[in-house]
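Visitor: Listed here are the chains, written in short residue letters.
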Amino acid sequence: MGSLKLLPVLILLGPAAALAQSPTFGLGRTPSADEVLAWDISISPTGMELPAGSGTAEEGALTYRRKCARCHGADGTEGRAPRLVKSSRGSDANPWSYGRILPIRAPYATAVWDYINRAMPLNREGTLTHDEVYSLTAFLLEINDVIPEGTVLDAQSLPMVVMPNRDTWAELPDWKPGMPRLLGYPY
Amino acid sequence: MGVKRPNRRDFLKRGAALAGGVTLGAAEPVIRKATASAQSIEEQSQEVPSQEVQDWSSDELVAYGERSQHVTSVREPVNGRPSPDDFDLVFHIGTPLEEQVGAITPSSLFYFGTTRGSIVPTIDPAKHRLMIHGLVDRELIFTMDELKRFPSVTRLHFIECAGNGSSPRRGRLIESHGMTSCAEWTGVLLSTLLEEAGVQADGTWIVAEGVENVRGASSLPMAKAMDDIIVAYAMNGEPLRPQQGFPLRIVVPGFEGILHVKWLSRIKVVDRFYMTYNDYGHLRQDPDQAALSYQVGPKSVITWPSGGLDLPGAGFYEVRGLAWSGGGVVSRVEVSTDGGENWMDADFRGTPQRMAHTAFSFNWTWDGSEAMLMSRCTDELGQVQPTRAQRKGGLDNSIQPWRVQSNGSVTNGLA
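Those protein sequences? They're chains U and R, same order as listed. The numbers in the numbering used here rise by one with no breaks, and the one at position 13 of the first sequence is 77. The numbers in the numbering used here rise by one with no breaks, and the one at position 157 of the second sequence is 852.
For the record, the hints were derived by calculation from the structure and aren't laboratory data. Source: prediction; values computed, not measured. Any given hint might turn out to be false.
Unchecked claim - Covered stretches of chain U (chain R as the covering partner; in silico rule of three or more C-beta atoms under 8 angstroms from a C-beta of chain R):
1. 89-95
2. 207-221
As the list claims (entries may be wrong) - Which residues of chain R face chain U? A partial, calculated answer using Cβ under 10 angstroms:
3. Val766
4. Ser768
5. Val769
6. Arg770
7. Glu771
8. Pro772
9. Ala821
10. His823
11. Met826
12. Arg844
13. Val848
14. Glu890
15. Ala912
16. Ser960
17. Gln1078
Even for Gly, the Cβ is constructed at its ideal location relative to N, Cα and C.
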């Protein structure tokens, strides 16, 4: 009798054992490709998700004047919003002496593009065109001496930009559960 | 012991002598300004306690229990610090820990920080969605109702901002420690959702993103995502407060506050550290400094008495505080009343839990001479809270001294 009672359980377990990766709860739905595309604004350091479009610093300077200068100041140094131009506080050979300024401290140019695209201008986020984001990125990188004059930034060239801080930041530790805060120290 | 409800004067009288004795229960506030109770004990004992009771009849008090009009503790902008944008928006709002009793911060008083001064968004939960996509076998999108059907967990966890820290210039507890709070969170383990989606072999990181105006996003290693991150929709027995990410946030136990993404709408499984704006701000040049910027160290602070308060005179006091660690359970708290010469074990109030504030207390009879109160936390990993001199960097977890002067005034021992 006992084995008969177990039978339905075995039937239920059968497919689960065969397809260990199948969903357990079956809740939610599959988003359409368009939905994922519309929501996904993350940009990898490889530039994998960068959209079509392009821009130069010259174009960026015009957009900056119209949409950014009111808060960041005419030259990116004197506004109420954070400074956008490096401030040399020591040896120019050390990018950490330029201050915590996105277009000079970020290790990847994709981070600059991403942040302008997702979060600027304040209170009108998401209104810039892709061309405008490329051109503003080019403008900020040029005034910080990261790229030469006339550089065209697009999905191919932007990830190739070598930021001054690309290799000078410390990797985070490979975190594991139960790890102390800092190996080798009492705390 | 009876359940007689003490009136204010009665409370002050007893509070001055016993600093919130056991009969008052956890709901009774600590005295906001100890100066209000600074009458001598002889004076107070000659007063006849008033028995007058006013009627409570307004709908507000009934429908969503307002606290007593006599309880006035509130959050404050911490050090009046503006947002980085300086657009008259306050960057961080601190919680009045010196008035908290027990380990849980009331939701109304839970500290909060905002991403670059953005306003707190209003989100209709009926329209809110969470998408999980990227390097998964099945991309998924959930409604709030669907998320609430998953097996849930309910856990106590603290959240602390990396900007929390002692300083000779931060004289009051809210200024040095007000950006940490602890709540009971309810939600789905992120590992449950990620297993449902099926993480692919090269999915080693996640990017969690909010739906607020600046789309705040942070990167986290997959090991943490699969360990104990909660996709939380409730705190302290009710839906999240808007300041805490209503209707959905992640709670990343023991990690710095900026990583606990609020107004959560998207989790992307990726193959590397994606280096968002929030992430880049945390980069450090020195590997030790970089390591320190993830997990909060063992930490504790005496919350009562603390800077700015006044003790009414020599005698018995229950010294109270909070201890916590990003490394797990608090295993020991010690208290010193002589500036660290001698240490004595404090008692836990409640059972310590992983990455949660643990309330502690220490029975102290003050002889009226100058004293220096300190507390020191040890966690289950054996990590010990450092002194200010031993501290190496990252979120400041150093020992905070409070000087009790012979006139009863309590000041920052670092000043």
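Visitor: Now tell me, hint by hint, if it's right for this structure.
Guide: Verification of the supplied hints:
| no. | hint | result |
| --- | --- | --- |
| 1 | 89-95 | holds (count 6) |
| 2 | 207-221 | violated (count 0) |
| 3 | Val766 | 36 angstroms, violated |
| 4 | Ser768 | 31 angstroms, violated |
| 5 | Val769 | 28 angstroms, violated |
| 6 | Arg770 | 24 angstroms, violated |
| 7 | Glu771 | 23 angstroms, violated |
| 8 | Pro772 | 18 angstroms, violated |
| 9 | Ala821 | 16 angstroms, violated |
| 10 | His823 | 13 angstroms, violated |
| 11 | Met826 | 6 angstroms, holds |
| 12 | Arg844 | 6 angstroms, holds |
| 13 | Val848 | 15 angstroms, violated |
| 14 | Glu890 | 7 angstroms, holds |
| 15 | Ala912 | 7 angstroms, holds |
| 16 | Ser960 | 8 angstroms, holds |
| 17 | Gln1078 | 5 angstroms, holds |
The structure shown violates the earlier hints numbered 2, 3, 4, 5, 6, 7, 8, 9, 10, 13.
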